[in-house]
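The task is simple: from the sequences and hints, build the whole structure.
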Amino acid sequence: MSYTLDEMMTVAAARQLKDGAVCFVGIGLPSAACVLASRTHAPNLVLIYESGTVETAPEVLPLSIGDGELAATATSVVPLPEIFSHYLQGGRIDVGFLGAAQIDRFGNLNSTVIGPYDAPKTRLPGAGGAPEIATHAKEILIVMRMTKRGFVDSLAFRTSSGHLAGNGERKAKAYPGHGPQALVTDFGILRPDPESDELVLTELFEGVSAADAVAACGWPLRVVDSPTRVVPPSDTELETLRALNARTKAAHAAKVTLSLN
Amino acid sequence: MALMSLPEAIRLHVKDGMSVALEGFTHLIPFAAGHEIIRQGIRGLHLIRMTPDLIYDQMIGAGVADRLTFSWGGNPGVGSLHRLRDAVENGWPVKLETFEHSHGEMAAAYTAGAARLPFAVMKGHSDNDLAAHQSGRTTKMDCPFTGAPVTAVRAVNPDVTILHAQKADRAGNVLIEGIVGAVKEAAFAAGKVIATVEQVVDDLGAEKNAVILPHFLVSAVACVPGGAYPSYAMGHYDRDNSFYIAWDDIARDRDGFTGWIADHVTGVADHRTFLEKLGVVA
Chain A
-1 MSYTLDEMMT
9 VAAARQLKDG
19 AVCFVGIGLP
29 SAACVLASRT
39 HAPNLVLIYE
49 SGTVETAPEV
59 LPLSIGDGEL
69 AATATSVVPL
79 PEIFSHYLQG
89 GRIDVGFLGA
99 AQIDRFGNLN
109 STVIGPYDAP
119 KTRLPGAGGA
129 PEIATHAKEI
139 LIVMRMTKRG
149 FVDSLAFRTS
159 SGHLAGNGER
169 KAKAYPGHGP
179 QALVTDFGIL
189 RPDPESDELV
199 LTELFEGVSA
209 ADAVAACGWP
219 LRVVDSPTRV
229 VPPSDTELET
239 LRALNARTKA
249 AHAAKVTLSL
259 N
Chain B
14 MALMSLPEAI
24 RLHVKDGMSV
34 ALEGFTHLIP
44 FAAGHEIIRQ
54 GIRGLHLIRM
64 TPDLIYDQMI
74 GAGVADRLTF
84 SWGGNPGVGS
94 LHRLRDAVEN
104 GWPVKLETFE
114 HSHGEMAAAY
124 TAGAARLPFA
134 VMKGHSDNDL
144 AAHQSGRTTK
154 MDCPFTGAPV
164 TAVRAVNPDV
174 TILHAQKADR
184 AGNVLIEGIV
194 GAVKEAAFAA
204 GKVIATVEQV
214 VDDLGAEKNA
224 VILPHFLVSA
234 VACVPGGAYP
244 SYAMGHYDRD
254 NSFYIAWDDI
264 ARDRDGFTGW
274 IADHVTGVAD
284 HRTFLEKLGV
294 VA
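Residue numbers (the numbering used here), protein chains in the order written: chain A, -1 to 259; chain B, 14 to 295.
Among the clues, some could well be false.
Claimed, not checked - With the Cβ distance kept under 8 angstroms, some of the chain B side facing chain A (calculated, not the full set):
no., residue
1, HIS40
2, PRO89
3, MET135
4, VAL193
5, TYR250
6, LEU288
What the hints assert, rightly or not - Some residues of chain A that are not near chain B, with every Cβ distance over 10 angstroms (derived):
no., residue
7, VAL20
8, THR38
9, ARG147
10, ASN165
11, THR200
12, SER207
13, VAL228
What the hints assert, rightly or not - To spell it out: a stretch of chain A is covered by chain B in this simulated footprint if at least three of its residues, at any positions, have a beta carbon under 8 angstroms from a beta carbon of chain B; those stretches are:
no., stretch
14, 46 to 54
15, 65 to 77
16, 83 to 89
17, 122 to 132
18, 246 to 254
Hints are computed from structural coordinates only; laboratory data are not their basis. Don't be surprised by glycine CBs; every beta carbon is placed ideally from N, CA and C.
So this is what it looks like as structure tokens:
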């Protein structure tokens, strides 16, 4: 089956998730990847959303972090402060899944502002739970489409900590979690260099060259000597993803009516 | 507790310049109460909410607030809150001063507020750029017992917390089912609590560990069926995701937004009329 690079990106992100992992999920691409993983190779993946829905199994992707679908299919729903204190800060989350407007080569993220904080050019939504996820989840997985505006030499604002300035700074500061371990883009996958912590291109999608990726990245992207090729999406992966997206589109357009007394 | 109409509850308890938290995390957002605040022309509020959502986009665009405490200000899964951005970036219609946190900090600040503690404690020192803009609200410190790094987050205690719930009984006990967010903490942290509910019943029929706000915490209860729409009330109606998607265009420019508020909020008598105007009442 033919596929788009966006589909390849979501499939590649899903494949990073090990069966049985406890995963803290955000909306959008992270949700698509997590639900796809749980419906293909990782049926025991535990999905937790910051709205307090624990071990949820949505039939359609949520538009918001607290859609009714998440609560209705969850094993339990807990108060939001507990999600941040007991679950996240308490070290119960294996994988935190993040995206952002900007990322730098050490996986630090900006989702706050472009331009000066007090007179912003663009006011972005802000931190949400990202700083705590970035700090406390045992590892971080990031999904972002690669653009020059998004993959920058220097962040306008650091909202969430990745590997900080690299060269082991995160480890030296005794962060509870190990930080970004994979950055899945629409060209391929970047992973931290074991010494410098810099995110380097290690795996390429079919039909994409390392030169394409270097040209799309806003920082001088390093590429390992022989990047491996990512296996294209299987028919099962593609069919599962497309069916999920189709159900989601229909659900989000559905007319809501209220029966009032 | 007193059972009263929503306009009475707002008139009695919400005054110009107060700090007001309309809480409810995606679920049970008190839209009807927010619209009534707009209708009554209240000004100078310090709005507090983890996720400002469409309700604060509407209230900020309508000019009721000049301060905002928050932790994530987007239209979930859709994009920007255009009115919030216009107020922050261009000062329209009122320059909005922001007091920004992460979700973890906001949850901790409400939890401390509920316990009447001066501050909450979080593990570690953050290395983000937000800390530099949180003077007087967060500070790095060492654990007094182990010396480990911790961060103190100042408590948040709104003058008034407003929430929507499924049910209240006639004594004013309020039952919240489903996603509860930080509503319970925001209510205990507040000086006054106003609850709008889908229905008032003789018996809540709740399990013993259900989330119930006790009648002695709640200042006013108003029965407003559909009061969380276009957010949702589990067991009553779903979130209208198509409205959240449509809001992106409605709020994009000032004139379109102002016209929408005039037609749907200030130009209608109450929430029931608003729902009928949108054609969502079965």
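| query | For THR38 (chain A), which was marked as not at the interface, is the minimum beta-carbon distance to chain B over 10 angstroms? | reply | holds, 23 angstroms
| field | Non-interface claim for ARG147 (chain A) versus chain B (Cβ beyond 10 angstroms) | value | Non-interface label stands for ARG147 (chain A): nearest chain B Cβ at 16 angstroms, farther than 10 angstroms.
| message | Does HIS40 (chain B) hold up as a contact with chain A if the rule is Cβ-Cβ below 8 angstroms? | response | holds, 5 angstroms
| Would you say ASN165 (chain A) is clear of chain B, with no C-beta pair closer than or equal to 10 angstroms? | Nearest chain B Cβ is 15 angstroms from ASN165 (chain A), so the label holds.
| message | Using a Cβ cutoff of 8 angstroms, are there at least 3 residues of the stretch 46 to 54 of chain A near chain B, or does the coverage claim fail? | response | holds (count 4)
| Hint check: is the beta carbon of MET135 (chain B) less than 8 angstroms from a beta carbon of chain A? | Interface hint status for MET135 (chain B): holds (7 angstroms vs cutoff 8 angstroms).
| task | Report holds or violated for the interface hint on TYR250 (chain B), using the least CB-CB distance to chain A and a cut-off of 8 angstroms. | result | holds, 5 angstroms
| task | Could you let me know if the closest chain B CB is still more than 10 angstroms away from the CB of VAL20 (chain A)? | result | Holds, since 18 angstroms exceeds 10 angstroms.
| query | Are there three or more residues in the stretch 65 to 77 of chain A whose C-beta lies closer than 8 angstroms to some C-beta of chain B? | reply | holds (count 7)
| task | Taking the shortest Cβ-to-Cβ distance between THR200 (chain A) and chain B, state whether it exceeds 10 angstroms. | result | THR200 (chain A) clear of chain B: closest Cβ-Cβ about 26 angstroms, beyond 10 angstroms.
| message | Please verify the coverage claim for the stretch 122 to 132 of chain A: does it have three or more residues whose C-beta sits within 8 angstroms of some C-beta in chain B? | response | n = 9 at 8 angstroms, threshold three: holds.
| request: Take a quick look at VAL228 (chain A) and tell me if its Cβ sits farther than 10 angstroms from every Cβ on chain B, holds or violated. | output: The claim holds: VAL228 (chain A) sits with its nearest Cβ about 27 angstroms from chain B, beyond 10 angstroms.
Checked against the numbered hints given earlier, this structure breaks none of them.
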